[in-house]
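A.B. asks: Chains as they are written, first to last, in the numbering used here: chain A, 2 to 161; chain B, 11 to 398.
Derived from the structure by calculation, the hints contain no laboratory data.
Please note that a few of the clues may not be correct.
Footprint (simulated), chain A over chain B, 3 or more residues, beta carbon under 8 Å [said to hold, decoys possible]: (1) 123 to 135; (2) 140 to 146; (3) 159 to 169; (4) 200 to 212.
Even glycine gets a Cβ: it sits at the ideal position worked out from N, Cα and C.
So the chains spell out like this:
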Amino acid sequence: MQQKTTDELITQEMLLKIPYRWAAGEHIGEFLRELRRSGKIYANKCPKCGRFRCPPAPVCSRCHTKMEEREKWVHVGPKGTLLSFFVAEQSFLVPTTGDMLEVPFSVGVIWLDGAPVALWHQLEETNPDKIKVGMRVEAVFKPKEQRQANIFDILHFKAI
Amino acid sequence: MPQRVAIVGIGQTRHTSRRPDVNDGELINEAVSAALADAQLTMKDIEAVIIGNMEFFEGHHLNDAMLIDYTGARGKAGLKMNTGGTVGTMEVISGCYHVASGLFDTCLVIGWEKHDEASTTSCITTITDPAVDRPYAVGALSGLAIISMNYMTRTGCKVEHAAMVRAQASENASRNPNAHVRDRLSVEDVLKGRMVLYPLNLYFLCPTSVGACALVLASETKAKKISRKPVWIRDHITVHSDYSGALFTFPGETRETSHMVAGRKIFQRNHITKPIREIQVFELYDPCAFLQMSWLEDFGICDQGEAWKLVEKGVTAREGEFPVCPSGGVLCTNAIGDSGTLRVAEAALQIRGDAGEHQVTRDVKAALASGYGGSYWTDLLLLSKTPD
Ligand SMILES: [Zn+2]
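If we strip away everything but chain B, and leave its shape as in the complex, we get (with noise of 0.2 Å):
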């Protein structure tokens, strides 16, 4: 029998986009701090450490190994995780399954990345396939760009909608003081961006942003002994994609992606009818403005087609029936290999009512957080107020 799983700890650096005063180590510990601050705890009470990043960003590799002064994993077990877009919440489901299997009562997990190191987009580009696709991506940014035209082909989505959902963003943004991109955008802002991948302007894309994150997870025996508000984590899913499919479907095919088969499955199991009122907010991995749109449908927040309608209402704002990323999301802070694991922390966070003047309008009892990158895999988290 599993153990249940319950976040005790949640700490994070504030996001910008330099950090040339700290060395990653130095950055990491002041997330490994804060958490272990939050939890109450020293680091003689973790059992497990998981850290993650993208090493190509910084040029180093062996990370886990050398920033163990700054981790606090000496003598203790655990992991390095460098699985792309994902880690940050890889690393989390890697974090429960330390947990849930027995072995571990605590585990510690970290997600950091210095964007200012390198050429996140050089980097990137090295995601594809050598022979036959390499000299036709631009880092991320052309598969957003090709999702987002497809997106746009399919449902009628209209260039106006991704602004809305950037400038939603940016309002949410402004209220967190730990996000990257804190300006406040309106519609006719973000639609004079500077183009960079037609249809893609700059503000329609994340930013490259340094920090870290990191969350204490513990068994239920050990949370309710130590914590006052552990935030549980009910389930949690893992889908992966081919890679020759991951990106498009053909016409008269049927669309069935990672995030789709994700949804459907924790949803199911958890019998979670309608999930845009059974869940009070989700803190979706957004990389591109187009795409939190197609992936709320892809999830099954919404039907195919409806999610642009829904921006237009307000459903997704802040005091909206269904926030999406009330921490500003991806499009306002990306330090890749934190970008999963702070969806699950300001999920967490929401939960506990502890995010400040970001926190959504409604009580909140069920969040989701996602993680979605290379190698083209859909993770997907269900936080819960109760263990039950």
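Just chain A, same shape as in the assembly (with noise of 0.2 Å):
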């Protein structure tokens, strides 16, 4: 403005709250029922190239065939190996609930062992200095009758 008429600032505060509700899909779906029904991971492979995925995908990112059918899904883990990790030690705002995260929190990237996929999920141990790459890590799983069919179906890897 050419010529101010006050230093006081003016903003607005508003908060958005929207719910969502997301489709997992054919895919995904399966994925999540068998957290549920069987407490098992699973992956798919490209009939074509051989890569896998975790959870299962309809088509290969790489080569663009379609992947293999649910007879020849793979079951993947429950054990793993830790590929890399994080510890979250400054607290964020989680967008899916609107809480504060509670910190610390960890999260590794596991391989499976069965097949080269990786899932990122919640470690047990917070600890940096007690957590390694290349260290072997076990899922734990909710018991049946709390499972949801979503990945929280996993409570957490734990060091094995």
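Need the complex rebuilt from these two chains, each delivered in its own frame; the hints are there to steer you.
C.D. replies: And the structure:
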């Protein structure tokens, strides 16, 4: 403005609070149903180039071939090897819940036994000095009656 | 035959953590006015306008229409872009397509962000797969931490090297009046930073800034007529990665990231065999200190596992043989929608010799600028002093 009339700055406070309902789809849906039903983690494989995907995908992103049928999905894990990790020590607003993240919060990239696939998931151990790349970990599932066909059916991964 | 494209106007705002004194339109207009003044043009001379940011950060959408008074786009062609971390470079590339096509002789490109208006990290968390990954993502930080940890494991790089990268960035930013975080930090200062997401402390991560950057692009005929110091966009490339393979390669699997493909292709088709000798400056999109090193390797500037050694030797310093981010980079200034545009702008200023206190010491004939981010893709631009 050419001439300021005041030094007072006006800001408008607002909160966007929007509920969503996201369709998991055929492949991720079946992956989540299996977590609830059998407590097993599944991956699928490209019949042409051999690349695996977890959660299973309909089409190979590398060679665009239709991925293998449900009967050929392979069971991976529950044990695996830690490829990388982080430990959040500062809290942040979690957009899916509106709550602040409980810290320390540690997450690992876990190479599941049985195929070259990795899953990001919570680690039980939160002390970074006790977490090592290359360490062996295992998925801990919720008791069957508490499972809800979501990723939280796996409680976390613990060191073995 | 596509038209050659030149940058004929460069404008940016100062960058800071908060600008409650202006709204988004007023912020943008500062950069637009500066770019037009630099080009010695008026809005009448502009034929198309491209604008971009990450809309979620400011919480209002359709901003291309709402901001039209400030961008000058009324009655003109153009696009709005919202491609995450790559917004700023995608806009420049899109502007290039507009001009190179021969349909437009001038195009104004505007990248901007006002990070002070919402929670950046919670907004970015929504880039992840909602069913499987989202609960385990902490904005962009988690990906940066996972890559950093992997880089150290693969190459023997130590935390101290990342601290050297950050100390060097802060030295550069202290010379750049438009940079956001301009405090000079020693390696020891950086190592003492508050831990945010182990292994990343506050100083290994880019800040959240407020700012805007605008460029005027012109066709060869127009540029030669109106500009004393046109900077030529010799080539550019965009390479996508698949979501599942973006951050990680398995032991035994050959690494092939979008950066690797982009670097290989652009150097090959421009007959550049030793980029470290043939290019004089790289404004690399570096949101995290470890990634500046990992990505120099992936772009093919040096061999895998060698970048931290170059940092140790001072090669990437402003006075070094291959200066990286003499502006201070994304590590010191990060208004996301503007970060990529700013990389191109800063590389162009180096070619013009107009970077002031943070001008590199060698004559710059060719420069690189990159962008990276959601949705896991790479933009790489090659700029030069001469059109061929
Ligand atoms: Zn395939």
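A.B. asks: Which of the listed hints are broken here?
C.D. replies: none
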